[in-house]
Amino acid sequence: MPQPSGKWVDLSTPISAPVLEVIEGLGFAKMTPVQAATIPLLLGYKDVAAEAVTGSGKTLAFVVPLLELLLKRKRNEEWKKHEIGAVIVSPTRELATQIHDVLSEFLSHKKLCCFRQKMLIGGNAVEEDVLAILNEGANILVATPGRLQDLFERKGDLNLAAKVKNLELLVLDEADRLLDMGFEAKINTILAYLPRQRRTGLFSATQTKEVKDLMRAGLRNPVLVSVREKATTSTPKLLQNYYIFVEPEQKLVALLEFIRTQSIKKAMIFFPTCACVVYWSIALKELVSSMQVMALHGKMRSERFRIMKSFREAGSALLLCTDVVARGVDIPEVDWVLQWEPPSNAAAFVHRVAVQHARDRKEMRSLCCYPQKMRM
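Using this note's numbering, the first residue of the sequence shown is number 1, and each one after it goes up by one.
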């Protein structure tokens, strides 16, 4: 396996100058292990199934080869306005938006702006997406499974299946989560509309039986990549962990006192259920006047994007949430991750504390509340 500290210019298959310029502008001097292992394989027209922890740089691991494959085709034949060369399927709107934002950084380059991307994540009338594709065109689709399946199955002028006949790359991001959320049937429907002569990259934090079944259905002779970083690098390097023992009836008082005494600019509070998020967001909006209080959970399908955007842009805010935002989502400038109850397992803890943007490299703290009876 390639060395994890390899420089971008040392890749066996050279990266084009425009892509390298954007990477350097983003501040990524060296590749992460998953990038070093995966990018050469996808550029070598291999199907890849990559297992890597959250925060390991998976997005660039498929965005870079995606752009390189599109550029290579462009040198011989221009991409037409409505010709789709890459499809990225992501389990949630938040993750799809994040991928879209990363792609936007690259597509703003003067030599990459020839490629158009379209985000298809629902929350709007499907007819709006149809008109946008017909009027504006698209070479790259970033989509959630439900909306993408809907567009493939729609009759009429769109005929999305015809537009993907020259597809270069399909990416299934967070594949284990796609399956955990019940999207298996939708993914199989989408696969049926795609050409067999394509490359596929499957990225997953775990290799479950369901993920392996999906690999057999959607990938051809895939190369398996497993990047198992040490536990110390699975969480933010400057993470400080704290805990308190407090009885359930005293949690609110303890939380309010904690918020009052700490110089918190931005914090996330994880709750176990959607109902908890709703209940405590109503209470905290009345009790905390110094910060914005926002709520986000899995049942807020149409509002999640707006709330996440507001939290990212807020100067001082509390985000009360469930684990819907605990995996793969980058949120800058989070000072504290507060956990109303202990996470269900170690992996859930890692996902929660990994929400801080990987490029911030600033100190981050986590506080977990335990009941008195859990004292060791």
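Be a bit skeptical, because a hint or two may be false.
Cut-off 20 Å, straight-line C-alpha distance, at most; resulting in silico cross-link-like pairs (DMTMM-like, lysine to aspartate or glutamate) [stated by the list, open to error]:
#: 1; residue 1: Lys111; residue 2: Glu83
#: 2; residue 1: Lys309; residue 2: Glu341
#: 3; residue 1: Lys251; residue 2: Glu105
#: 4; residue 1: Lys165; residue 2: Asp180
Computed Cβ-Cβ distance ranges for the label pairs, DEER-style [what the hints assert, rightly or not]:
#: 5; residue 1: Glu341; residue 2: Thr261; range: 34 to 42 Å
#: 6; residue 1: Asn159; residue 2: Arg260; range: 56 to 64 Å
#: 7; residue 1: Gly137; residue 2: Pro371; range: 22 to 30 Å
#: 8; residue 1: Arg154; residue 2: Leu20; range: 34 to 42 Å
#: 9; residue 1: Tyr242; residue 2: Arg154; range: 49 to 57 Å
#: 10; residue 1: Val9; residue 2: Lys74; range: 19 to 27 Å
#: 11; residue 1: Arg154; residue 2: Cys113; range: 35 to 43 Å
#: 12; residue 1: Gly44; residue 2: Glu333; range: 46 to 54 Å
#: 13; residue 1: Pro195; residue 2: Asn241; range: 28 to 36 Å
#: 14; residue 1: Pro272; residue 2: Tyr242; range: 33 to 41 Å
#: 15; residue 1: Glu249; residue 2: Val278; range: 14 to 22 Å
#: 16; residue 1: Glu333; residue 2: Pro14; range: 34 to 42 Å
For the record, the hints were derived by calculation from the structure and aren't laboratory data. Glycine is no exception: its CB is placed at the ideal position from the N, C-alpha and C atoms.
Consistency of the hints with the structure:
Restraint check for Lys111 and Glu83: the C-alpha separation of about 18 Å stays at or below 20 Å, so the hint holds. For a cut-off of 20 Å, the pair hint linking Lys309 to Glu341 is broken: about 26 Å separates their Cα positions. Between the alpha carbons of Lys251 and Glu105 the distance comes to roughly 42 Å, so the proposed pair goes past 20 Å and is violated. For the hint linking Lys165 to Asp180, the alpha-carbon distance of about 29 Å lies beyond 20 Å, and the restraint is violated.
Judged by the Cβ atoms, the range 34 to 42 Å given for Glu341 and Thr261 is violated: they are separated by roughly 22 Å. Range check, Asn159 to Arg260: about 59 Å between beta-carbon atoms, so the 56 to 64 Å window is met. Distance hint for Gly137 and Pro371: a CB-CB separation of about 57 Å, inconsistent with the stated range 22 to 30 Å. Checked against the hint of 34 to 42 Å, the pair Arg154 and Leu20 passes, with Cβ atoms roughly 39 Å apart.
The beta-carbon spacing between Tyr242 and Arg154, approximately 51 Å, falls within the hinted interval of 49 to 57 Å. A C-beta distance of roughly 22 Å is found between Val9 and Lys74, which places it inside the suggested range of 19 to 27 Å. About 29 Å separates the C-beta atoms of Arg154 and Cys113, a value inconsistent with the hinted range of 35 to 43 Å. For Gly44 and Glu333, the hinted distance range of 46 to 54 Å is not satisfied, since their beta carbons lie about 39 Å from each other.
Between Pro195 and Asn241 the beta carbon distance is about 48 Å. The supplied range of 28 to 36 Å is therefore violated. For Pro272 and Tyr242, the Cβ-Cβ distance of about 20 Å falls outside the hinted range of 33 to 41 Å, so the restraint is violated. A C-beta distance of roughly 20 Å is found between Glu249 and Val278, which places it inside the suggested range of 14 to 22 Å. The beta-carbon spacing between Glu333 and Pro14, approximately 36 Å, falls within the hinted interval of 34 to 42 Å.
Checked against the numbered hints listed earlier, the structure breaks hints 2, 3, 4, 5, 7, 11, 12, 13 and 14; every other hint is satisfied.
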